[in-house]
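Peer 1: Fit the two chains together into the complex; they arrive one by one in their own frames, and the hints show the way.
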Amino acid sequence: MNEKILIVDDSEDIRILLRRMLKTAGYEVAEAADGVKALNDVIALSPDLVLLDIVMPGISGFEVCKRLKNMDAIADVPVIFLSAKSDAADKIRGLEIGGSDYITKPFDKGEVLARVLNQLKIRRLTKELIRTNIDLTDKQKRLDDDLKAAAGIQQSLFPRKMPDVKNLAIAWRFMPSYMIGGDIFNVFRLDESHVGLYMIDVSGHGVPSALITVSVSQTLNPDSGNVTKRKVAGSPGYEIISPREVLETLDREYPIERFDKYFTIVYLIIDTGTGDLIYSNAAHPAPVIIRSDGSITALDKGGTIIGMGDMVPFEEERVILQKGDKIVLYTDGIVEYRNNEGEYFGEDRLHEILNGSCKAGTEALLDDILRSVNDFGKGTEFQDDITLIAIEYGGATIYQEDRYADREH
Amino acid sequence: MQIESIKAGDVLIVKPAEKRIDASVATEFKGKMVDWINEGNTKIILNLANVDFIDSSGLGAIVSSLKALGGNGDLVISGLQETVMGLFRLTRMNKVFQIFSSEQEAIQAL
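Going line by line, the protein sequences match chains D and L. The first sequence begins at 1 in this note's numbering and counts up one residue at a time. The second sequence begins at 1 in this note's numbering and counts up one residue at a time.
Keep in mind that the hints were calculated from the coordinates and are not lab data. Just so you know, even glycine gets a beta-carbon here, dropped at the ideal spot from N, CA and C. Just so you know, not all the hints are guaranteed correct.
Which stretches of chain D does chain L cover? Using the computed rule of at least three CB atoms under 8 angstroms from a CB of chain L, they are [said to hold, decoys possible]:
#	segment
1	260-272
2	307-317
No more than 30 angstroms apart at the CA atoms, straight line, and that leaves these computed lysine-lysine pairs for DSBU-like [unchecked claim]:
#	chain 1	residue 1	chain 2	residue 2
3	D	Lys378	L	Lys95
4	L	Lys7	D	Lys301
5	L	Lys95	D	Lys301
The shape of chain L in the complex, shown without the other chains (with noise of 0.2 angstroms):
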């Protein structure tokens, strides 16, 4: 699975390159952002710009990294497909993540 990752100040900014985000690569994604915590970032962005579809084990995978910052710290999510907004929107997850529209905005409220 390709994802991007750069660093802006303390942020890390995590882009998948994929247009899925599925069981095929739910397993590899979850490992990346657990060693990304673990490597001590605190504050993420997932971008999901190149992503229209999430199947529940890909959700499962970014809810699972969000339980892994174990409450010290934060994952926003920016630039959201229609497509996977509708998923937020069906599983409630836009409750649970704060969701922004531009990597811009999601650096700032940081």
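Extracted from the complex, chain D is given alone in its bound form (with noise of 0.2 angstroms):
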């Protein structure tokens, strides 16, 4: 302990006696007779205590201290006041413009030494916390963008461009909540006329979930793996995989235990020609279909969340389309949304929405959702990402069409 004090005093004598008595005590001592050779010198010796008297020739004790208390790097060296005047005035003065403490004179020994001792652990203990704090937000800081950059790779992953498919309008929206989440969706071309999509929730918050998330978009691209189309011999040379198989595999290759999480999905496979949809639904709130009419219907047929390892058997159900369907997919973001009020968005606020707004394209559609939404909350962050897709069938008839005139390209 090589702490070094300086002491400021127009008496030689106690200087003298105090240089004695802090060496003594392991400190290492510097001395300034007034205060004008004190602030010259305060910077060069950069002492760890300053002992302070008040009246002096030339500048004052007070005065000493507020000037050291202007000086960036002085600022925080603790100031004890040693001083004869022992009005509680004087006192509150001092303690006001910066001292950290004030003995009388006469001292005893004792007292100057355990409150010399007391600044300096102060010093020492805020010094620890400056440098810990600022570690911290250091690295608080590399997590945080850290953490954008995973969001920004996860949503790369989102199409960029929905495939053109000319019998179906796709739009989505996406609003990430203040931590990077466990939402992705896909539209893709299985072949000329069947499209897939598939929209996914991955249980809980933060990397671990946007890592799945990664994983799973990769095991269901149609171009890469085998879980959503396979090689087989003959003409076409391709088998589209059902939804109900596609689950089925998903569930045997990210049981619960493998990463702790497990996800809900639903999968469409839209014929385009014919408007045939099948889908399966894996414990993710129900698509819905509105129907021109206003009607709705939801997709809640499937089975339980990926991940249980065969517990219960998934199903899948047929619809046809009619033109001028829409299909609404959207994650639990929207619903479990809540508000200041701690109220939630809800399911039926959200179908009511769909029904007033049956008429609207699918873009239209979305940003009547949005709206209400923002509505709704007020600003409020969102807990959770709010992913939704719309998608308007625009009948079979244009499709065949198009097949043919695709071919005599």
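Peer 2: Structure (structure tokens):
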């Protein structure tokens, strides 16, 4: 322990006394006989504590203290006043202008040492705290940056451009929560007449959930994996896997024990030529079909969450789409969105908008939903990711003509 | 996280005192359940009477507890509030877990 103490006192006797005392106690000691010298030397000396007399020729101790507290490099060095002025008013003034303590002369050696020790200890702890705080802020910033980058990477997996399918109008919206989440979706061509579409919500939040979305989206990629589409002998050389089988494969591949996470998924295959829709829903909030007459059908056939490992079989259902029918898919982030009053957005509110906007196009429909969410939340941060997809079916005949046209090219 | 646990014969009744089982308590909840299972409890009733919200992390913790039993025993649920029952229906957990309206019924069934 070699902390340095600067003694500022015009009395040589007192300086000698203090120096002897402090040196014996193991401190390094510097001295100044007046305020001007103290202010001149203080930066070079860089003391850990200043013992400061008040009544001195030239500038007073109060003034010295004020100026020390205005020097960036010295401001946090504790100043203990050591003065014969024993009025409460002087003590208060000393403490008000930044002094850490006040000792009256004649002083007791033991008291001076104890107070010096105290102030040095506070300074040491404060320094440690500041250093730890800087480290933590630094680490936190790096983590935040990483999270932002991870969220950006995750979002880069979203379809940049919807497949250009003439009789399907597709729109989507994604609103990230305050932290990276576990939503992912994709719309892709399985072949000339079939479009595959999934929406997934991995349990929990944060990087682990987000990483699983990356893994699952790769597994479901029709071009690289064999889960949604596989090669077979004979024409046309591939087979499109049914939604039920896709979900069964995922259920085997992603048991909850593997990552301590599960996910919900709804997977749909639309035959754009005939309007045939086959889907299976693994505990995902049911997508709805809004018919042109405003009636709503929930797509709720399927099974339980992915990860249970064959505990409950998956079902699939076929639905025929008519011209003008719209399918809306969403994650529970929207129905479980809470405003400042703790009220949930809820499924009823969502269905009400869907009902009211049944004539709107897909883009306008999603805008209506988002506007309602914003009116409801009044800027409350999203607790969970919100993903929305809307698809409108343009009817069967268009496709037949198109296919014919395609063949001629 | 506050969880009451009472032994009724060879049945362990576990009753969370929290209103929410969410990400903030899920890990702790699962840890406690796994401890009880490792202590040899095979018949467990999870009484959710106090719980009015379970998020995906919370549900994951409950499912993981069932998985931790590894087929050697049973984890059943009682006292579901309507909101939580909704979640169980949506996720079809009502097909995975046996659900009883009261602790008494659950004890008799086990």
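Peer 1: Decide, hint by hint, whether the structure agrees.
Peer 2: Hints, one by one, checked against the model:
1. 260-272: holds (count 4)
2. 307-317: As far as the segment 307-317 of chain D goes, the hint holds, because 4 residues have Cβ atoms under 8 angstroms from chain L.
3. D:Lys378 with L:Lys95: Between D:Lys378 and L:Lys95 the Cα gap is close to 38 angstroms, so the pair fails against 30 angstroms, i.e. violated.
4. L:Lys7 with D:Lys301: Distance of about 39 angstroms is beyond 30 angstroms: violated.
5. L:Lys95 with D:Lys301: holds, 14 angstroms
Violated hints, listed in ascending order, are 3 and 4; each of the other numbered hints is respected by the structure.
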